[in-house]
Structure formats: structure tokens, C-alpha cells
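K.L.:
Residue numbers (the working numbering), protein chains in the order written: chain A, 20 to 391; chain B, 5 to 291; chain C, 1438 to 1601.
For the record, the hints were derived by calculation from the structure and aren't laboratory data. Do not rely on the hints blindly, as some may be mistaken.
Straight line, CA to CA, 16 Å or less: simulated EDC-like cross-link-like pairs of lysine to aspartate or glutamate [as the list claims (entries may be wrong)]:
1) C/1509 - B/197
2) C/1482 - B/290
3) B/82 - B/34
4) A/121 - B/106
5) B/284 - A/269
6) B/284 - A/272
7) A/339 - B/25
8) A/339 - B/289
9) B/167 - B/194
10) C/1509 - B/44
11) B/97 - C/1549
12) C/1486 - C/1549
13) B/284 - A/377
14) A/281 - A/355
15) A/121 - B/194
Values in this document were obtained by computation on a predicted structure and should not be read as measured data.
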Amino acid sequence: MLNNPTINSTISLPKTEFDTLLAALRELGYQTIGPRVRDESIIYTHIEKLSDLPQGYTSKQGPATFRLVKSNHRRYFDVIPGAQSWKQFLFPPRTHLFTVEKVERWDIQPNAEKPPRYAFIGVRGCELAAIEIQDRAFLRADFHDPVYRARREGLFILAVNCLHPAGTCFCASMGTGPKVQGGYDLCLTELEDTFLIEIGSELGRDVISRCQYEPASGFLQSAAAKGLERAAGDMGRHLSLDDLPSLLTDNLELEHWDEVGKRCLSCANCTQVCPTCFCWDATDHTDLLAHSTRRERVWDSCFNPQYSYVFGGNTRPTIKSRYRQWLTHKLGAWKEQYDTFGCTGCGRCITWCPVGIDLTEEIAALRKEAQA
Amino acid sequence: MTALPHTAVNPDQLLYPYWAEITQIKPETEGVGSIWLRFEDPAIRESYRFLPGQFNMLYLPGYGEAAISISSDPQDTKGMVGHTIRFVGNVTKAISRLKAGDVIGLRGPFGSAWPMDEIEGRDVVIASGGIGLAPLRPAIYHILHNRQKYGKVLLIYGARTPKDLLYPYEYEQWRAGGIDVQITVDRADETWDGQVGVVPMLFYRFRLDHQKSVVLTCGPEIMIRFVIYEGLARRIPAERIYVSLERNMKCGQGSCGHCQIGPYFICKDGPVFRFDALEKFFNVEEY
Amino acid sequence: MAADPEVVSALKNIPWFAELKPEHFNRMAEAATMRHVRAGEELFKEGDKEDCFYVVIEGRVALDIFVPHRGKVRIYTAEPMDLIGWSVATPVVRHRTASATVVQAGRLVGFEAEKIRQMSEEDHDFGYIFMRRIANIIAGRLMVTRLQLLDMFAEPNAETRHAQ
């Protein structure tokens, strides 16, 4: 074992040592969350040991298609995840904000529950980019979302370089992967017998120093680099960004919007699986005597008819108008709002769309019409 | 986009309201009333300030929140803030059943304001319809307090029928304060000897100096569109037309997403916009 | 026939008249009469067939249509510089489709429509300018009518454009 690993250095962690790493994180007070097989899909949930991870699996993905495939390989991080993203932990689908009790007067009791400190195990480039996009929405200079901030500030991120992208992936187009672009505590590349780990923070250095690690040889490092290069060429999808965002923001009245509006079911799946979608609503839940009201925050979606309701009706009454809002926000107006696109190329909206609408194809079709 | 005046929002305040006691509910027109609120916390009562055109989120536990523009005098608050509400939704209907002494929650003020300082020295055309007069009334009060700072001031206001006109009891005072108040209704019977017509039509009747005039407008979106057409037709540039828009405002902080139009969150970047910022998509249907 | 000096000075204050060539202005003024009207006075009644139009100088004139069971519905009011009775600019002299009642006392200039039509026929340059003015009046009136038709302040029908 070496002493004093340094930040930005790369070490090799034998796979047998991974449980030590997880235990070290738990010792530091983290809940370790990672991918796990459940109900023929992959979910993000509590993991305790390396064997909880989906060893030997890959996922076959296409428009409206997700299949978990058991292969012969022995790798743990090869499966491109399912519908869930890390969003659910930082921006929970349902949060208790406060309770109002009426005694003599209204009395407000904020939710004092301390959020858990999470260690995310296996965050891909596209997913880490998504977290950083949500940071811009929830941690603005003029507004810090207290729910998000409390979870985000205590977060430990073990990222993973992606060596086997799936059929709906296009992170290379979006510049978010397959190699993780920074923002992690540790970043792992899985080789056959070992994990190559890059140390990204003081915290990451501390965690690694509690494990039995080895130096990363030049051979291992070049094997990882080659794998990443191959992965960049293996993307199932491609999206050209040349004329974005103006292609969308300047072409709100193309006929293709009507065409895609006919296929879209407005089911909101794409916004629920999207790791960057941030829209929310607040709702009151009251006891029958109306003495106690619990105010909660829940995810909302621009595909819900109530979303754009004002007195007198819905300002986006047609599915076409809602799909247009979604796409022109993601790859259009988002850029002006947050100086980034609202898409990282993770492909979830394609995989989990029940009718297989593929935004890379829709953008291409819109482009074709706009240029005609 | 040029920045319109704002007040700072507490960056850590998510959805926690201040509590305020209803001091008065004043019926205005059919289905519309004004409620006056006084903060329970004396410190808030002392520190609370708003700008003309801003709105608050009013909260009734168990029912939820509604975005309501502030309709009272920004200068002379006496520790109170007034809102004129159309009682149409779940929340506002529940508010209409409250009485003086009841307490509701309030968050705010939110959003951009009418550019009262920037338009000093100009002729001001205030074009509004229906309940759209409510967010403009603080601007009217501001002008009355500072009348010498503005050129000609013309208020053109329309409602559906004579009994739907808001604040009729104040028009004489406004006229006495140096505002040319022009009232019109869409429909009337023979007992009404005022004007019958629509707000944009009033642009036909006044010789506006397009070099000097600014337009502030709020009302039904269709009325706003026609006011803009008439303003532009009289060579008042888009940069001097200000509109206040309504969308589904929920969080007031540009976070929840509901009130977006194009790159803007109406609750944070609006509700008041300079029209050139909206021109590109204002006529796109269902955008 | 010389024009009434009161008519001449009133028309000179109206931008559109002031912009006319002197020759056209004079001929129009010669075809005009000043009317001093008091509140409540009926200018014309729905169904009348009178061949003239009016320019409001001061006061307010309301156009009402009588609807059985609803009484008189006030559909428009004309203010200074406005023109009422514009349909006589067309060759067909129609029955008045609304009654005109003075609601605020003032002064109106009435024009003999036949003379103005004749002028327009003889001198198309004048006719063009006159009809352009009438077109502007109609455009304004149509805008008002459309917005009234939209009933923009009405309670929207929740069922029509709500959810999908």
C-alpha cells in the first residue's frame, strides 16, 4: 500500500477492496446508494457491498424499449441505468415542507427533519452533468432551494466512466460523457480485475486512504483511455448542436410540431425520468377538521394540463403546444436561462417514452423543415 | 432585456408565509373584492415595501396559494397592503368567505415593477381593462404623489358593463390630481351616458406625441394585444410599451417552472415586461 | 353658397379636415351645417332614411339598437372627431340601422351626403381621400365590434379550452 494519495492522482483499487470503501463511507456517516436489479430493471437504492451491484448485466435500450440482459462478463458497472436518476434523492418527488396547525391562530412548523447524507455510487458523466444543471436551477445567487441545498451540500459522489453506452445514449454529442467531466469526489473506471480510481477531492482522498489500494500502472491507465475512446464511438444516438438553440426558439410554428403532437400522449414520462427537469408544485393535505395542514412539494410536469392553467383555461391546451414547450425549453430557452442546455444526452426520454418519440429524430426533422 | 425595477426576494425563503390579519374586505364589483392585510409581526409591518406592479402569493392553509397583484398605495402603506381579487378559483373563493380578523399567509412581494423612475418626464398612457386596473393602481398613486415629474397622463380604462368598473369612487380624485381619466364599457343600456367602445379604440381619440409617450398596459391578453397594435400604429416604439402578463405563478422565485414563457419566468422576470422582450413570441398561439 | 364661419372654424380643428386641399375643404364646408344639440335629443332613429352624416365637434352621441325584451342596447358612443352615419358614403341610401341619441350636449356638423358623393364622383382625387377617411372610421368601428363580439371580459367557459 502507498501512503498519501493526492488529489487528481489515479490509483488502482482491487475489486475486493470495494467493500472497504463502502464501509469507510458509512463510517463517515453516509448512506451508500447505487444501482441494483429489481423487477427486471435497474433502480437506485441502498447498497452495502459490491455484490449488491448488477454484476454481469447490460441493458438493451431503444425507443420505448428497455431490456435487462444477463451476460457472461463479470463487470459491475456496465449496465446503463433504468428510468430512475439521482434526481429523486436531491429533489425528492415528494417533500414535506411544513405543517400549519390552527390553535388560536395559524402556527407554522417547518419540516425540521435532517436530510440524510448520501454517497452516490456509480454516477455516470451524463448524470453528473445533470446534477450540475439542476444546481444552476436550485442554487442560484438570488435563490437557494433549501431542500435541494441541504441534500446537495452533504453529497459524496463516486462517478463512473462509461465504457458501454446503450442504444439511446448521446452524451458524446452533448459533451457530458462517456468520460466524466469533473465535479466528483472519486471517479472510477472498471477494468477486468480492478477499479481505476481518480481522486477528485479531499474527501475522496480521505476515503481512499482508508482502503488497501495500489499504484495505477501506465498499462492500466492506457487500457482505460482506450475503453473510453471506443465508448465515445459507440453512441446509439447523435444530436447536432450547431444551430441550437435558435433552431427551436426561432421556429415555433413549424408543421412538424403538429406531427409530433399527434404521436405524443402527454403522459409526462419523459419529464419524470429526465434528470434535469425541475418543475414542481406545492399541495396542501388537510385533516378533516381543517385544523392541521401539511404542505408538500411534488414533481410537476409541463405535460400536465393543470401546469399552465390560469383563470379561464390552460394556456397550452393542446399536446402539440406542450411538447413544443418541453423541447424548446430543454434545448432552447434553457440555454438563455442557465447558460447550458437542459439535456445531457442520457437518453431516458427516448427509452421511456411509451410511443418511442426520439428527440434526436425530432430535432433532425425540425431542422429539415426549417432549412427547406 | 433591460432590467425593470425589482425588490430582493429572501434567497432562503422557499414557501414559508408571513401571517397577516384581514382588516377589511371591501366588495368592489360582482365577484371582485379588495382585502386589506396587516402583518402580525410588527417588524414585517415596518419593513415591508413593494413597488407598483408587483404581486404577493396569498396562502390559505388547506386551499393553497394564489398570485394576487398588489393594488394599494406603495408610499402610504400605514402598515397595510391591499389586494383586489377576482373570486374565481378554489383559493380565491375560499378567501372571499373570510371576514375581518381572520388570518391568511402572504409571501412577497415578487416580480418586476412598472418603470416609474425611468418614465419620468414622459407622457404616460395607462391602458387597462377589467381587473387589470388593480396592478396599475399603485402606479396611478405613484403618479399622483409625483405628478410634476410626468407629462400628460391619460388613463384609459374599460370594463364589460358599467357595473363592472373597478374603483369608480376614485376617478374624481384621480382627475383632480391631474390625470385624464377616460372610461369606456363594452356594453350598456340607455341609462349609461359614458362611453361605449373598447379600450384600444380610445387610442383613436387622442393625439399622442409618439416621441414622448409611454404605454403601460394590463388586462385580458386579447385587449393587451390590441392596445399594442394601436400603440405601434401610432409609432410608439416597442421599447416604450410595458405590459403586465398573467401566467400560472406558483413559487414566485422562478423555480417551479409553471409561469414560463420563452426564456422568462413571469414571476421573476415579469410580470411587467418591456414589449420588445416579448415581441418574438407574443403572437405564437398556445406558446 | 358661402360656408358657415362656425362650421369652418370647427372643421379646421380636426386634423383630417385641416389636411384637405383648400378647394376640397371649402366645398365640404359648403355642404355642411352646424347643429347645436342638447342631451336627450334624438338625432335619428333606427329605420329612418336620411341622407346625411355627422362629425362630432363637442359632446357625445350614442348609437342604440332596440332589441325586444332587452330594451335599447347601447352599442357605441361617438366622441369629438368621430363620424356617425358613415354608410351614406356608399351609393345605396340605407335605412338607419341604429338610433343616435345625444347623451352629452355639444355641437355636430351635419353633411349633405348627396353633395359629398357627387364631389367624389366628379373628382376622384377627393373621392379617394374621403373614402380613405371613411375606411379608417370603419376599421376602428369594426375593431370595436370584434372585441365586443369576443366578449373579452366574460367568464370563460371552463369546458371549452380547459384540459386535454
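K.L.:
Each hint should be assessed against the structure and marked as holding or not.
P.N.:
Okay, the hints, checked on the actual structure:
no.	hint	in the structure
1	C/1509 - B/197	holds, 13 Å
2	C/1482 - B/290	violated, 45 Å
3	B/82 - B/34	violated, 28 Å
4	A/121 - B/106	holds, 12 Å
5	B/284 - A/269	holds, 8 Å
6	B/284 - A/272	holds, 12 Å
7	A/339 - B/25	violated, 44 Å
8	A/339 - B/289	holds, 11 Å
9	B/167 - B/194	holds, 14 Å
10	C/1509 - B/44	violated, 52 Å
11	B/97 - C/1549	violated, 57 Å
12	C/1486 - C/1549	holds, 13 Å
13	B/284 - A/377	violated, 27 Å
14	A/281 - A/355	violated, 29 Å
15	A/121 - B/194	violated, 52 Å
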